[in-house]
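Chains as they are written, first to last, in the working numbering: chain A, 43 to 375; chain B, 225 to 537; chain C, 4 to 339.
Note that these hints are calculated values from the structure, not bench results.
Far from chain C, by Cβ distances over 10 Å, these chain A residues were calculated:
1. Asn67
2. Asp73
3. Ser84
4. Asp113
5. Arg188
6. Asp236
7. Asp255
8. Ala280
9. Arg308
10. Arg310
11. Pro317
12. Val340
13. Val346
14. Asp362
Derived coverage of chain C by chain A (criterion: at least 3 residues anywhere in the stretch with Cβ under 8 Å from a Cβ of chain A; other residues may be distant):
15. 234-242
16. 251-261
Cβ atoms here follow ideal geometry from the backbone N, Cα and C, with glycine treated the same way.
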Amino acid sequence: MALLEVKNLTVEFGSEDRPFRAVDNVSYSVDRGEVLGIVGESGSGKSVSSLAVMGLIDFPGRVTADSLTFDGQDLLTMSPGKRRAITGKDIGMIFQDPMSALNPCFTVEAQIMEALKVHEGGSKKERRERTLDLLNQVGIPDPKSRMTAYPHQLSGGMSQRIVIAMAIACNPRLLIADEPTTALDVTIQAQIIDLLLKLQDDSDMALILITHDLALVSEAADRIQVMYAGQLFESGPADSIFAAPRHPYTQALLEALPERSEGHDRLRTIPGVVPGQYDRPAGCLLAPRCRYANDRCVAERPDVGAYNGRDVRCFYPLDDRGQPTGQTTGETV
Amino acid sequence: MTNQNTQSSTPETAAAEVVAVEDQKINPPSPFMETWNYFRKNRGAYVGLIVICFILFMAAFAQWIAPFDPIAQDRTAFLKPPIWMEGADPRYILGTDAVGRDILSRLIHGAQLSVTIGVFVVIISMIAGIVLGLVAGYFRGWIEVGIMRMMDTMLALPSLIMAMAIVAILGPGLENAMLAIAIVQLPHYVRLSRASVVSELNKEYVIASQIAGAGHMRQMFVNILPNCMAPLIVQGTLGISSAILDAAALGFLGLGAQPPLPEWGTMLAEAREFVGSAWWVITFPGLCILVTVLAFNLMGDGLRDALDPKMKR
Amino acid sequence: MLGFLLRRLGDVIPTFFGVTILVFLMIHLIPSDPIQMRAGERSIDPERYAELQKEYGFDRPLVVQYFDYLGGVLQGDLGESFVTKRPVIEEFATLFPATIELSIAGILFAVIIGLPLGVIAAINRGKWLDHLTMSLSLTGYSMPIFWWALLLIMFFSTTLGWTPVSGRLSIMYYIEPTTGFMLIDTLISDEKGAFISALRHLILPTIALGTIPMAVIARMTRSSMLEVLGEEYIRVARAKGLAPMRVIMVHALRNALIPVITVIGLQVGVLFAGAILTETIFSWPGIGKWIVEALNRRDYPTIQGGILMIAFVVMGVNLLVDLMYGVINPRIRHKR
Numbered sequence: 043m044a045l046l047e048v049k050n051l052t053v054e055f056g057s058e059d060r061p062f063r064a065v066d067n068v069s070y071s072v073d074r075g076e077v078l079g080i081v082g083e084s085g086s087g088k089s090v091s092s093l094a095v096m097g098l099i100d101f102p103g104r105v106t107a108d109s110l111t112f113d114g115q116d117l118l119t120m121s122p123g124k125r126r127a128i129t130g131k132d133i134g135m136i137f138q139d140p141m142s143a144l145n146p147c148f149t150v151e152a153q154i155m156e157a158l159k160v161h162e163g164g165s166k167k168e169r170r171e172r173t174l175d176l177l178n179q180v181g182i183p184d185p186k187s188r189m190t191a192y193p194h195q196l197s198g199g200m201s202q203r204i205v206i207a208m209a210i211a212c213n214p215r216l217l218i219a220d221e222p223t224t225a226l227d228v229t230i231q232a233q234i235i236d237l238l239l240k241l242q243d244d245s246d247m248a249l250i251l252i253t254h255d256l257a258l259v260s261e262a263a264d265r266i267q268v269m270y271a272g273q274l275f276e277s278g279p280a281d282s283i284f285a286a287p288r289h290p291y292t293q294a295l296l297e298a299l300p301e302r303s304e305g306h307d308r309l310r311t312i313p314g315v316v317p318g319q320y321d322r323p324a325g326c327l328l329a330p331r332c333r334y335a336n337d338r339c340v341a342e343r344p345d346v347g348a349y350n351g352r353d354v355r356c357f358y359p360l361d362d363r364g365q366p367t368g369q370t371t372g373e374t375v
Numbered sequence: 225m226t227n228q229n230t231q232s233s234t235p236e237t238a239a240a241e242v243v244a245v246e247d248q249k250i251n252p253p254s255p256f257m258e259t260w261n262y263f264r265k266n267r268g269a270y271v272g273l274i275v276i277c278f279i280l281f282m283a284a285f286a287q288w289i290a291p292f293d294p295i296a297q298d299r300t301a302f303l304k305p306p307i308w309m310e311g312a313d314p315r316y317i318l319g320t321d322a323v324g325r326d327i328l329s330r331l332i333h334g335a336q337l338s339v340t341i342g343v344f345v346v347i348i349s350m351i352a353g354i355v356l357g358l359v360a361g362y363f364r365g366w367i368e369v370g371i372m373r374m375m376d377t378m379l380a381l382p383s384l385i386m387a388m389a390i391v392a393i394l395g396p397g398l399e400n401a402m403l404a405i406a407i408v409q410l411p412h413y414v415r416l417s418r419a420s421v422v423s424e425l426n427k428e429y430v431i432a433s434q435i436a437g438a439g440h441m442r443q444m445f446v447n448i449l450p451n452c453m454a455p456l457i458v459q460g461t462l463g464i465s466s467a468i469l470d471a472a473a474l475g476f477l478g479l480g481a482q483p484p485l486p487e488w489g490t491m492l493a494e495a496r497e498f499v500g501s502a503w504w505v506i507t508f509p510g511l512c513i514l515v516t517v518l519a520f521n522l523m524g525d526g527l528r529d530a531l532d533p534k535m536k537r
Numbered sequence: 004m005l006g007f008l009l010r011r012l013g014d015v016i017p018t019f020f021g022v023t024i025l026v027f028l029m030i031h032l033i034p035s036d037p038i039q040m041r042a043g044e045r046s047i048d049p050e051r052y053a054e055l056q057k058e059y060g061f062d063r064p065l066v067v068q069y070f071d072y073l074g075g076v077l078q079g080d081l082g083e084s085f086v087t088k089r090p091v092i093e094e095f096a097t098l099f100p101a102t103i104e105l106s107i108a109g110i111l112f113a114v115i116i117g118l119p120l121g122v123i124a125a126i127n128r129g130k131w132l133d134h135l136t137m138s139l140s141l142t143g144y145s146m147p148i149f150w151w152a153l154l155l156i157m158f159f160s161t162t163l164g165w166t167p168v169s170g171r172l173s174i175m176y177y178i179e180p181t182t183g184f185m186l187i188d189t190l191i192s193d194e195k196g197a198f199i200s201a202l203r204h205l206i207l208p209t210i211a212l213g214t215i216p217m218a219v220i221a222r223m224t225r226s227s228m229l230e231v232l233g234e235e236y237i238r239v240a241r242a243k244g245l246a247p248m249r250v251i252m253v254h255a256l257r258n259a260l261i262p263v264i265t266v267i268g269l270q271v272g273v274l275f276a277g278a279i280l281t282e283t284i285f286s287w288p289g290i291g292k293w294i295v296e297a298l299n300r301r302d303y304p305t306i307q308g309g310i311l312m313i314a315f316v317v318m319g320v321n322l323l324v325d326l327m328y329g330v331i332n333p334r335i336r337h338k339r
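Construct the entire structure; sequences and hints are all you get.
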């Protein structure tokens, strides 16, 4: 059985009569010790879906799902107190901007020990020792002196290591990392990813890596799912997605990678932007930006279907040569 | 452009909206209209504006609206309660005070005094404050240090105490109280305009204008001042409310408007001894002060939200 | 921290001199001069006038007079009251505890009511509870407190008879002042019921005085809380699985308090201005009532001294608040 099982998760904001769906019927699962990469542009709903898993969507937002289970327990129906006992203990989360993720009023030590105190108790001395271990584990040099430091005294990379230490303090079985390297210097990014993968490997923890960087997940993830405007577009094993994308959007994303643009003068781009609240197309959400879109794509919205061992949301999934199937070229707009 | 989406119910407004929409297609909404649209969405500010209009109307037409002369005494009707109470005199809707003056008439004429105080104080204080602030921010150096130190000193004293000290020098009375309050409010305008000038001074349009040969006066008043007006307008609105409040407090302490002027604070001072016997002589003047001050504060808050670009969604 | 302290002191010193100059000049700006004032309606013969001028030093240059005055102030000499002939500083010292007692009660009331109101409004942002608390606090902010005090007396004292109308203590008791704080003095005295009486006398003035600061604190707390609640570290705290109460009370409030503390400090000026009105209405024998009486009697040395002392207290408290700000905000504490 999967560790985390998400079925038809939907998150809506705004008024009841004209809601905005930030996440639209997304399903996925993560197994023990597995690394799942969630990829998409800004505004694709990848962060919101993970916040929903953490139970961090607030009042104006509405979360619904057919099922949302962690280790067999239903997260949606359990009491808030019971859910909090899982959040932060069995599921940890790392956020995008480490500089604002730490509370400026408290020391590093206090913030890590707080998580330990809530979930594991123990004496203050034990918690302090564990905190020191954690700082060592995440590669903080001279951890003893950093214990009493305040966040404003730390660099971005250092802060992110502290945030990671905080998230793994209670040995979570699932770690969600939401763009953990976006706000960091390029030189630090690789170190942080290596650290995350090492921690994941050491403790057989499951890891959800959310990013817009395809190259990054290609190396790190076992499975990948591609999201667009709140919808799941394609999911499958990492290697096969890279070898043969089945969705035109995945194909376009891959073509936009610098390493795939050798021989071209410019990087390939995807024209346009992700649709927002007011400009969602009636048909396939990608239709205005898709190079293969035809009249059917503009009029009808496709469902997710299985194709060659993948889940793909497209009327005309791509074949091994990268050409749409079941579509005559004449139909293209 | 939300009004394009809303369906209006009456044909007139629909037509007006079409016109408005067409206008907007040609020109973007003027800064005034944009601010007005934000302001209108704020219910509190809107209510404040309506109340202010009502008070202004009362003040402007006090002579004709008020049923009686505010200082005429009726020796047959001392301390008559409002008409819905037992023993009331039907001529006096809100009752009479200890010397038989009609309270309603006094309140209406009091509106005139309070509005005058508020507006005059803010105008005097704002003009003087803007000039001092512009000079300080524009010329910098020892002029700035001198002016700003003086303002810091004035801010070290609570406003009412400062005003009392000035009245102690000038002597009690309405005009002196107004002058005192105007002086007390000065530092706010000086600080605001200086801060805006300092931040505007480094912008390219000022430098460009300087290169084009604009003189000091033109720079200060034509180029820079209009760009600092938004916070000053907000402060001015809030200044009116605090001027009315301070003037009433001085009147209450016997340092402001002198009897028999129907100033609300002075009325309260005269009514103090009836705290146990005649609730109406105390309740109504204070209520007028509260409502007026509240209205100006509501509008000031609304204006600040509407004019502050950070607050705009 | 030391540098921060010195910088703040550097800002205060010019203001100190400014205030002394202002207060010193006050007496010289009066249209008629102080000696004539003192003589009142009676005319004064020129010989006696010159004598008095010499006695008060009014015949010397203004600058010399100022430094004379400043020297006196620095040694705690604020002159003598025209009316009682007692040193102003002495009268101030006798009356000041009453004002402090009232002010502390007022600010406690303001913080105890205002802070939770602001937090509740922020947590319920946009709901009716938010609208209600914010309407209430704007009304409190706009309140003419001299009227508010009269309303409170009218309702609680004359109609319901729950609280006394004025004064600090029932005339049934006599308490020898030891600390000057009536609550403490009555508590350590043997008189039974005196403490309760003192407490009952304190209630209405406290509410009247604390209303405006309460409203200001509630508004500031709300906006500060809203800002903090949108911060990423609040989300992180919740992701740790902390209870909502702990997230709000520990993680959010601690950060939201930083600007609120400054605002509380700034209320000291508001409190003194309010004390003038409140003390006058409740016949509270403090600094406010003393200054108003001095104004009515044109007792200039008392007016001068009282204003000067109030300015010093306000400046002192603001300095203290700045230091507290340093303690509560680590970013300032560690700046060198």
